[in-house]
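Here's the letter readout for the chains.
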Amino acid sequence: AQKITQTQPGMFVQEKEAVTLDCTYDTSDQSYGLFWYKQPSSGEMIFLIYQGSYDEQNATEGRYSLNFQKARKSANLVISASQLGDSAMYFCAMRDFNNDMRFGAGTRLTVKP
Amino acid sequence: GAVVSQHPSWVICKSGTSVKIECRSLDFQATTMFWYRQFPKQSLMLMATSNEGSKATYEQGVEKDKFLINHASLTLSTLTVTSAHPEDSSFYICSASFYGSSYNEQFFGPGTRLTVL
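From first to last, the protein sequence lines are chains A and B. Just so we're aligned: 38 in the numbering used here is position 36 of the first sequence, and the numbers increase by one with no gaps anywhere. Just so we're aligned: 229 in the numbering used here is position 69 of the second sequence, and the numbers increase by one with no gaps anywhere.
Hints in this document: simulated from the structure, not taken from any laboratory. It cannot be assumed that every hint is accurate.
Only pairs whose alpha carbons sit at most 27 Å apart, straight line, appear in this in silico DSS-like list of lysine-lysine [to be verified]:
(1) B:174 x B:224
(2) B:224 x A:5
(3) B:201 x A:114
(4) A:5 x B:201
(5) A:114 x A:18
(6) B:201 x B:226
(7) B:201 x A:75
(8) B:226 x B:180
(9) B:226 x B:174
(10) A:72 x A:5
(11) B:215 x B:226
(12) B:224 x B:201
Take these sequences, add in the hints, and give me the full structure.
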């Protein structure tokens with residue numbers, strides 16, 4: 003069974019600094035997709051970034067980048083130039099071959115002014 | 161594009177009553193819809209997957225007679241919590257996907273907060 007691990011229950015970062023949120027995964031599938039979502043206190047799931055298992059380049063979306071290390075099965079999210087509005091829960095997720103999505107436990111990010 | 165709505169956004173009900181939550185894809189036809197449950201300070205747990213016109217596939221440990229899922233059309237899926245009890249209080253989120261989307265991604269609804277008294 004697929005498993006997503008986020009080892010950081012909470013992280014703090016100073017405004018305007020960069021922060022890395024860790025995510026490791028376990029799968030025997032060759033084809034899979036990795037996602038990061040942001041969930042503010044309102045509860046909505048906001049899609050941030052996607053990395054396909056066959057993508058050779060690390061994905062980037064504005065201030066978000068994904069540090070994909072396939073051999074180590076890690077997909078860390080890097081947020082550059084943190085803003086106060088970045089404070090939220092962040093979930094790493096993996097879509098498997100059957101299109102089922104499994105989520106990690108999440109990391110609560112707090113950006114300090 | 162790819163907007164998913166849920167109704168209601170929150171509901172409070174008495175123990176023993178049934179509650180229906182609707183999930184609609186507003187601007188696309190969803191080949192598959194998913195239902196998740198999220199307890200406070202926890203992650204999203206997949207409850208079931210449904211394809212239009214066929215029976216839902218439930219995850220292990222989810223009671224299909226308690227959580228009735230109807231995927232009546234390509235734009236509507238409903239989750240009915242039957243005989244709700246306080247332990248069913250949770251945040252229920254649906255998502256929808258369609259064949260040919262960029263990353264085979266799921267588009268999430270805003271969620272429904274259920275409180276059972």
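Status of each hint after checking the structure:
no. : hint          : verdict
1   : B:174 x B:224 : holds, 21 Å
2   : B:224 x A:5   : holds, 24 Å
3   : B:201 x A:114 : holds, 21 Å
4   : A:5 x B:201   : holds, 19 Å
5   : A:114 x A:18  : holds, 9 Å
6   : B:201 x B:226 : holds, 24 Å
7   : B:201 x A:75  : holds, 25 Å
8   : B:226 x B:180 : holds, 12 Å
9   : B:226 x B:174 : holds, 16 Å
10  : A:72 x A:5    : holds, 15 Å
11  : B:215 x B:226 : holds, 15 Å
12  : B:224 x B:201 : holds, 25 Å
Of the hints listed earlier, there is not a single one the structure fails to meet.
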